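For reference, the chains in residue letters:
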Amino acid sequence: MTTDTISDTAVLLKRSLRHILRSPDTIITTAVTPIAMLLLFVYVFGAAIKVGSGRYVNYLLPGILLITVASGISYTAFRLFTDVSGGIFERFVSMPIARSAVLWGHVLTSVVANLISLTLVVLVAVAMGFRSTAGPLAWLAVLGILLLFTLALTWLAVIPGLTAKSVDGVSGFSYPLIFLPFISSAFVPTAGMPGPVRWFAQHQPVTSIVNTIRNLYAEQPVGNNAWIATAWCVGLLFVAYALAMRTYHRKIA
Amino acid sequence: MSATPAIETAGLVKSYGDHAVLRGVDLSVPSGTVVALLGSNGAGKTTAVRILSTLLKADGGTAAVNGYDVATQPAKVRASISLTGQFAAVDEVLTGRENLVLVAELRHLTDPGGIAGDLLARFGLSDAAGRRVATYSGGMRRRLDIAMSLVGDVPVLFLDEPTTGLDPQSRIEVWKTVRQLAGGGTTVLLTTQYLEEAEHLADRIAILHEGRIIADGTLAELKQMLPPAKVEYVEKQPTLEEIFLSIVGNDSPVQ
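Chains as they are written, first to last, in our numbering: chain A, 1 to 253; chain B, 1001 to 1255.
What the hints contain is simulated information worked out from the structure, not anything from laboratory work.
In this text the structure is predicted, and so the values were computed from the model without any measurement.
Note that beta-carbon positions come from the ideal geometry of N, C-alpha and C, so glycine has one too.
Any given hint could turn out to be false.
What the hints assert, rightly or not - Chain B is nowhere near these chain A residues, computed Cβ spacing over 10 Å in every case:
{"id": "1", "residue": "G54"}
{"id": "2", "residue": "G86"}
{"id": "3", "residue": "G87"}
{"id": "4", "residue": "F92"}
{"id": "5", "residue": "P96"}
{"id": "6", "residue": "L140"}
{"id": "7", "residue": "A164"}
{"id": "8", "residue": "F200"}
What the hints assert, rightly or not - Restricting the straight-line Cα-Cα distance to at most 20 Å, the calculated cross-link-like pairs of lysine to aspartate or glutamate (EDC-like) are:
{"id": "9", "chain 1": "B", "residue 1": "K1223", "chain 2": "B", "residue 2": "E1241"}
{"id": "10", "chain 1": "B", "residue 1": "K1176", "chain 2": "B", "residue 2": "E1210"}
{"id": "11", "chain 1": "B", "residue 1": "K1076", "chain 2": "B", "residue 2": "D1153"}
{"id": "12", "chain 1": "A", "residue 1": "K14", "chain 2": "B", "residue 2": "D1153"}
{"id": "13", "chain 1": "B", "residue 1": "K1057", "chain 2": "B", "residue 2": "D1026"}
{"id": "14", "chain 1": "A", "residue 1": "K14", "chain 2": "A", "residue 2": "D25"}
{"id": "15", "chain 1": "A", "residue 1": "K14", "chain 2": "B", "residue 2": "E1092"}
{"id": "16", "chain 1": "B", "residue 1": "K1176", "chain 2": "B", "residue 2": "D1153"}
{"id": "17", "chain 1": "B", "residue 1": "K1076", "chain 2": "B", "residue 2": "E1092"}
{"id": "18", "chain 1": "A", "residue 1": "K14", "chain 2": "B", "residue 2": "E1196"}
{"id": "19", "chain 1": "A", "residue 1": "K14", "chain 2": "A", "residue 2": "D4"}
{"id": "20", "chain 1": "A", "residue 1": "K251", "chain 2": "B", "residue 2": "E1199"}
{"id": "21", "chain 1": "B", "residue 1": "K1076", "chain 2": "B", "residue 2": "E1008"}
{"id": "22", "chain 1": "B", "residue 1": "K1076", "chain 2": "A", "residue 2": "D4"}
{"id": "23", "chain 1": "B", "residue 1": "K1057", "chain 2": "B", "residue 2": "E1098"}
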């Protein structure tokens, strides 16, 4: 049973990785918007933003990475939607294969695609002067948080992928997620924001995740932020997974 | 092979909200036959097929495929069937060969490459095997779709409106394929709104109207249902279209 799940997932992962390989533009478009924001904020607005002693690109990168993931997962929703609307989804679920493999194939593809996009964005940031002296352990922790965040948002993306009635509905859901980092500590410190906005910014998940990643590669103590960030990611992952699975089981009766 | 019918339903009921789609469908498809489920748009043909292929739960009644209950043994049912839905369920990004290999791998068959090669040859797709399916014509896509359903030699095949939206040429190609299948002993339940198609392909024809099977039999048996008085005046044998309209009642706009 479990070996079937793994081998069926592997077959379906291979399939959707082929999709990415044959339309690499999906990875490039995923990375283009965050890279454009990186350029815009560092070279245009950056001079007017006071973030303390370090370089602004160092301050900005974590938020940009989260935006990269948020725009990347809309392709996962899109690929799933294409399967559902095209009929191959029905073929898969009417076949004697492990039921969860149909979703896991897409979810793991999303992880791979996002890792590639994230790498592209980091490389551009390095070219723009991003530097970190953090050791492999800190970077491993950064990778871990980004993976958790990607998994959580990917399972969230599964829901519109399964239920959307049109392509517009599929891509629309990720806009709020892309916008969320703007009302956080991702671009500017929260201290200068007016009361209610600041309260929201300090208590929404992006701020704790961004602060954790920033402190990790700046070799600063992460403090409570790391636990809050992990709790947000894991909590979001559980809720998104449960909702996605419920949607899936409803859909396949 | 045995007396157990390949497909058997009793009192199958399904509603969407207030709208009753199936109002008690009783259908028996003997093993190794081709049965056409004939009905107009919205008659519930697709709903019936979706229940039989475990994609949808019935509200009431029972259905068994290959001897397995669709509600209580869905995994066994899925191992016995292949579904070719209304829209060609193929992966457009992959090549024809990759599509077939994909299905063979998911069915855990040995030598997926060999199976794919055989089916490509059988369906006249060998030349297009290495091309992405996005470049295929509607007819080629449908043939690949049906070929994908044949991977693993399942005993029961559902073809839901296999020729809808196809040009006449492609339709004839699909018909040829189904006839070959019938020769091979596969049980085929095909739905269609084309009377001619049912007449050409099916051993038996079941007419689904307003959620019930209102007629079920061979073409010859159905022909006997026409009032004999009418037969005296026609020179030609009645077409199935006339039979259909006669027993369905003339409330349809077709004349």
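For each hint given before, does the structure comply? Return the numbers of the non-compliant ones in rising order. 2, 3, 4, 5, 10, 12, 17, 18, 20 and 23
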